[in-house]
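**Q** Sequence:
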Amino acid sequence: VSAELGRLASVPDELDALVRAEADEGALAETVAELEVKWKVEVEEAQRLAAEAETLQARLDAGDFAREARERLADIDRVISEVSYDSSKHVAVRQQIERLAPVEQEVAQLVRAEADEPGLVESIAEVTARAERNAGWLREDAKRLATMEEQLVSLPELERQAREAERERDEHTLRLSRAREDRAACLQRLRDLDARRRERAELQSQLDTQTTEAGLHRDLEKALGKNGIQTAIIEAVLPELESEANRILSDMTNGLMTVRIDTERAATADGHSISTLDIKVADELGTRTIEMYSGGESFRINFAIRVALSKLLAKRAGAQVRTLVVDEGFGSQDNVGRQRLIEAINSVASDFDKIIVVTHIDELKDAFPTRIDIVKGDDGSKITVSHE
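Take the sequence shown: its position 313, counting from 1, is numbered 313 in the working numbering, and each next residue is one higher.
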């Protein structure tokens with residue numbers, strides 16, 4: 001038991017060393033604390049039982065039990081050995097034995113104590129076995145502590161790996177967050193692209209419609225432009241217009257002038273023909289533009305063309321021009337020109353219901369059968385109508 005107790009006594013030092021080595025680990029500290037409490041309880045119980053057993057053994061070895069009864073018995077033996085037997089002494093002895101009767105009880109107690117010695121030995125054995133079990137547990141705990149120490153040795157590496165794993169997890173989490181943000185941005189861009197596609201399709205549809213309309217407008221513009229319908233109409237009616245204008249002009253000039261209207265002429269830059277409306281007049285001197293003639297001559301030419309154009313428009317409209325108004329124009333004519341202009345007007349008189357000539361020349365006022373005079377006075381203008 002002493003050896004076991006000595007061995008157990010070294011366990012606290014080992015536990016203290018393990019506890020100091022693992023003081024920074026909470027879980028290991030709790031295990032060590034529990035083992036230390038358990039060990040202390042077991043050691044105290046073993047020490048108590050061992051001390052009790054040693055005390056009892058020492059008392060047995062030393063005969064230190066029922067001391068008063070043993071002393072009385074020794075006195076009796078000494079008395080018996082010193083004296084020889086006689087009845088009186090025998091009676092005295094009996095009386096002495098009666099007096100020493102309590103010693104018997106003490107002896108019985110001693111016997112019972114001797115009888116209890118195997119139980120104490122068994123208790124010691126149990127305590128020893130229990131101490132051995134505790135020692136086995138302590139050895140197992142020591143092995144676990146050693147394993148924990150080994151784990152603690154690798155703990156920095158594990159902690160490093162844990163930190164690295166946590167760092168990678170944070171990186172992956174950040175990447176995942178960024179990927180989600182990028183995905184949301186891409187989805188938004190896709191939605192924007194879809195909206196733009198729809199808008200583009202709508203704009204394309206509008207553009208197609210507007211392009212078609214623009215084409216129609218260009219065609220219409222071309223048709224209505226100077227090179228379009230009006231040009232075609234002019235080209236179609238020009239022969240008739242020239243014929244009527246030449247008839248009238250021939251009456252006024254005694255056949256000395258003829259009119260030709262050109263709708264094209266060569267361009268000066270690239271040689272392509274361009275649309276135009278040039279009035280060429282031919283006389284005994286050649287063919288010239290109307291701008292090259294004098295005022296009286298150009299008036300007669302313009303008068304012939306305008307009368308011819310009026311009659312042509314009326315014919316095209318399915319109606320007739322019933323009134324002809326000639327405003328001035330006689331001042332630029334000489335006497336012969338004036339006479340021929342009057343003759344020209346009279347030559348077309350059958351084509352109109354009324355011909356009104358406005359003039360300030362006195363010799364012309366009597367050239368026509370009906371005369372309307374407008375005279376401005378102090379009290380306003382007055383109109384007088386006279387007939388021949």
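In short, the hints are calculated from the structure, not lab data.
Keep in mind the model is a prediction, meaning the values are calculated, not measured.
A hint or two may mislead.
[Said to hold, decoys possible] Heads up, simulated BS3-like pairs for lysine-lysine below, C-alpha to C-alpha not over 25 Å straight-line: (1) LYS40 <-> LYS143; (2) LYS382 <-> LYS354; (3) LYS382 <-> LYS365; (4) LYS365 <-> LYS354; (5) LYS365 <-> LYS376.
[Said to hold, decoys possible] Now the in silico label distances, taken between C-beta atoms and shown as ranges: (6) ILE233 <-> LEU207: 44 to 50 Å; (7) THR258 <-> ARG316: 35 to 41 Å; (8) ALA282 <-> HIS360: 31 to 37 Å; (9) ALA282 <-> THR370: 34 to 40 Å; (10) THR276 <-> GLY318: 52 to 58 Å; (11) LEU203 <-> SER177: 23 to 29 Å.
Cβ coordinates follow ideal geometry from the N, Cα and C atoms, glycine included.
**Q** Would you mind marking each hint as holding or not holding in the structure?
**A** Each hint, compared with the structure:
For the suggested pair LYS40 and LYS143, the alpha carbons sit about 19 Å apart, so the restraint of at most 25 Å is met. A hinted pair counts as satisfied when its Cα atoms are at most 25 Å apart, and LYS382 with LYS354 qualifies at roughly 22 Å. Restraint check: the Cα-Cα separation between LYS382 and LYS365 comes to about 17 Å, which is no more than 25 Å; the hinted pair holds. Among the hinted pairs, LYS365 with LYS354 is consistent with the structure: their alpha-carbon atoms are about 16 Å apart, no more than 25 Å.
Under the criterion of a C-alpha separation no larger than 25 Å, the hint pairing LYS365 with LYS376 is consistent with the structure, at around 17 Å. For the pair ILE233 and LEU207, the supplied restraint of 44 to 50 Å is violated, since their beta-carbon distance comes to about 34 Å. Distance hint check for THR258 and ARG316: the Cβ-Cβ separation is about 23 Å, which falls outside the suggested range of 35 to 41 Å. Checked against the hint of 31 to 37 Å, the C-beta distance between ALA282 and HIS360 comes to roughly 33 Å, which is consistent with it.
Hint check: ALA282 to THR370, Cβ distance near 37 Å, so the stated range 34 to 40 Å holds. Checked against the given bound of 52 to 58 Å, the beta carbons of THR276 and GLY318, roughly 30 Å apart, lie outside it. Taken as a hint, the range 23 to 29 Å is violated for the pair LEU203 and SER177, whose Cβ atoms sit roughly 38 Å apart.
In this structure, the earlier hints numbered 6, 7, 10 and 11 are contradicted, and the remaining ones agree with it.
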